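The whole structure should be built from the sequences, with the hints applied where relevant.
So the protein lines, in turn, are chains A and B.
Numbering-wise (our numbering), the first sequence opens with residue 1 and increments by one.
Numbering-wise (our numbering), the second sequence opens with residue 1 and increments by one.
If you're looking for bench data, these hints aren't it; they were derived computationally from the structure.
A quick note: this is a predicted structure, and the numbers were derived from the prediction, not measured.
Don't be surprised by glycine CBs; every beta carbon is placed ideally from N, CA and C.
Careful, some of the hints might be misleading.
Stated by the list, open to error - Listed next, the in silico DSS-like pairs over lysine-lysine satisfying Cα-Cα at most 30 Å (straight line):
{"no.": "1", "chain 1": "A", "residue 1": "K235", "chain 2": "B", "residue 2": "K247"}
{"no.": "2", "chain 1": "B", "residue 1": "K31", "chain 2": "A", "residue 2": "K31"}
{"no.": "3", "chain 1": "A", "residue 1": "K200", "chain 2": "B", "residue 2": "K31"}
{"no.": "4", "chain 1": "B", "residue 1": "K188", "chain 2": "B", "residue 2": "K247"}
{"no.": "5", "chain 1": "B", "residue 1": "K247", "chain 2": "A", "residue 2": "K65"}
{"no.": "6", "chain 1": "B", "residue 1": "K188", "chain 2": "A", "residue 2": "K188"}
{"no.": "7", "chain 1": "A", "residue 1": "K200", "chain 2": "A", "residue 2": "K247"}
Said to hold, decoys possible - Label pairs and their in silico Cβ distance ranges:
{"no.": "8", "chain 1": "A", "residue 1": "V47", "chain 2": "B", "residue 2": "D244", "range": "35 to 45 Å"}
{"no.": "9", "chain 1": "B", "residue 1": "M22", "chain 2": "A", "residue 2": "V58", "range": "19 to 29 Å"}
{"no.": "10", "chain 1": "A", "residue 1": "G243", "chain 2": "B", "residue 2": "Y261", "range": "48 to 58 Å"}
{"no.": "11", "chain 1": "B", "residue 1": "M226", "chain 2": "A", "residue 2": "A54", "range": "39 to 49 Å"}
{"no.": "12", "chain 1": "B", "residue 1": "D206", "chain 2": "A", "residue 2": "T213", "range": "37 to 47 Å"}
{"no.": "13", "chain 1": "B", "residue 1": "Y259", "chain 2": "A", "residue 2": "E149", "range": "17 to 27 Å"}
Protein chains: 2
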Amino acid sequence: MPSHAETEKGSLAIVGLGPGRMEYITPRALKAIARAEYVLGHATYLVPLEPLLAGKTVISSSMGKEVDRAEQAIDLAKTHAVAIVSGGDAGVYGMAGIVLEVLEHSGVTIPVEVVPGVTAANAAASRVGSPLSGDFAVISLSDLLTPLEVIEQRLDAVFALGIPVVLYNPKSRGRPHNFALAVEHARKYLSEETPIGIVKNALREDEETIITTLGEIEEHIPAIDMHTTVIIGGKESRIWRMGDDVKGIITPRGYHRKYVY
Amino acid sequence: MPSHAETEKGSLAIVGLGPGRMEYITPRALKAIARAEYVLGHATYLVPLEPLLAGKTVISSSMGKEVDRAEQAIDLAKTHAVAIVSGGDAGVYGMAGIVLEVLEHSGVTIPVEVVPGVTAANAAASRVGSPLSGDFAVISLSDLLTPLEVIEQRLDAVFALGIPVVLYNPKSRGRPHNFALAVEHARKYLSEETPIGIVKNALREDEETIITTLGEIEEHIPAIDMHTTVIIGGKESRIWRMGDDVKGIITPRGYHRKYVY
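Shown next as structure tokens:
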């Protein structure tokens, strides 16, 4: 093992930054970045970190190229403290999976830490009441890495259960029609009154939220883009009002079956 | 509306604290607590906050009594700045749902903010590699508020899909057998090699992690308690090794279908 002494000096942190703004980044994530010599990540995620990056080598990348970025991070981490950052939680459609796959394949042995963050499901949910109070499913509509027929099968199963479903990657240039397809599947199992929360740029600048229903979703489809998370309520979800205002979505957990309030 | 002027002075923050340790609490959550006059929550969650609580009225409670706590918080929030805290994310099996239900029912109109946190699914996943890299489901095994037959139906559907499943509330004194029941359902659809991550007190003191498989889960059932989150891998999940050591679980997202690495 000729490189053993060398590899002992390196380390790798795979860091979830949450929605993006500093006030939603955990102190642990900041610490992992502070002690890194190299910080890798998508340019968008690195912008709010700029005050922390002085004196570090920053390697920013565009969307895609995750495999290259993982390989580069691991190569550097043999001998240096490296942090590779993801938006949201690093373990949910983030960099943790691919980095650990490439790391295992490389045979490199270094200390690795995955630092969790506030994932888009929770960030988006917090902006539209409490749509995920109980059981729920998380499904990406991106068919880049998962065949569309598998995604459709998953949508069918979870809509049939009537639990709320969080849709990541609902739409992008490459797949403009996947969201409309998901709506078709939802209509097979859920009523037109089913509430839907659309949250664009959750807890970031230019945040937009829309509360609508499955019956009226069509008019809002143009507003959905790759920075949007969509929460389709379950059978028990309902619109939450304060006075006459629609404020969001509540999925009751079942206290109403046990208590009078 | 005689109390209008009064209610304008109050506010309510429903705050997710993440796993518990200060280094996983977001600055936004700390800010919501800092500006509160009243802080309500389960005693366990309030302990790490103690340095922040000087000069505030702290109302700590034991497990259960969520409806009472919600009513008390709303009553105080008519005229005061109130923070009610949950472990993990406030919107996932936390206080957000019941507080918003009671708030709507009360007719009180006050500013409300839900502050998201790192939920147990993400905290636990980060300690056992990257088991939730793609789509997944979150299911509580507590039948206090959801009938057991509904839970079983959900388990069947998600195990049949072969996506990873995060089990909250896997076992407690009141329901010692629900986890074994979930295992029975998993065995109908998943192979004995399916990896399982057991994480007790994720990212807190006395954290314990176990990586095992569906075939060998029985011997670890006694270790599971109410502070444990269990992640049952999906059809594509596998054990992650570094050298000869079992380090965790990887659920590949599908890069291996597209790239050579």
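Each hint, compared with the structure:
For a cut-off of 30 Å, the pair hint linking A/K235 to B/K247 is broken: about 39 Å separates their Cα positions. Distance hint between B/K31 and A/K31 is fulfilled; the C-alpha atoms sit about 19 Å from each other, no more than 30 Å. Straight-line distance between C-alpha atoms of A/K200 and B/K31 comes to about 24 Å, which keeps the hinted pair within the 30 Å bound. Distance restraint check for B/K188 and B/K247: the Cα-Cα separation of roughly 27 Å lies within the 30 Å cut-off, and the hinted pair is therefore satisfied.
At most 30 Å may separate the alpha-carbon atoms for a hinted pair to count; B/K247 and A/K65 meet this at roughly 26 Å. For the hint pairing B/K188 with A/K188, the CA-to-CA distance comes to about 26 Å; that is within 30 Å, so the pair holds. Restraint check: the Cα-Cα separation between A/K200 and A/K247 comes to about 16 Å, which is no more than 30 Å; the hinted pair holds. For the pair A/V47 and B/D244, the beta carbons lie near 41 Å from each other, so the given range of 35 to 45 Å is met.
Take B/M22 and A/V58: their Cβ atoms lie about 28 Å apart, and the range 19 to 29 Å holds. Range check, A/G243 to B/Y261: about 56 Å between beta-carbon atoms, so the 48 to 58 Å window is met. In this structure, B/M226 and A/A54 meet the distance hint of 39 to 49 Å, their C-beta atoms being roughly 45 Å apart. Separation of B/D206 from A/T213 is about 46 Å and conforms to the stated range, judged on CB atoms against 37 to 47 Å.
Checking the proposed 17 to 27 Å range against B/Y259 and A/E149 shows it holds: the Cβ atoms sit about 21 Å from each other.
When held up to the earlier numbered hints, the structure conflicts with hint 1 and nothing else.
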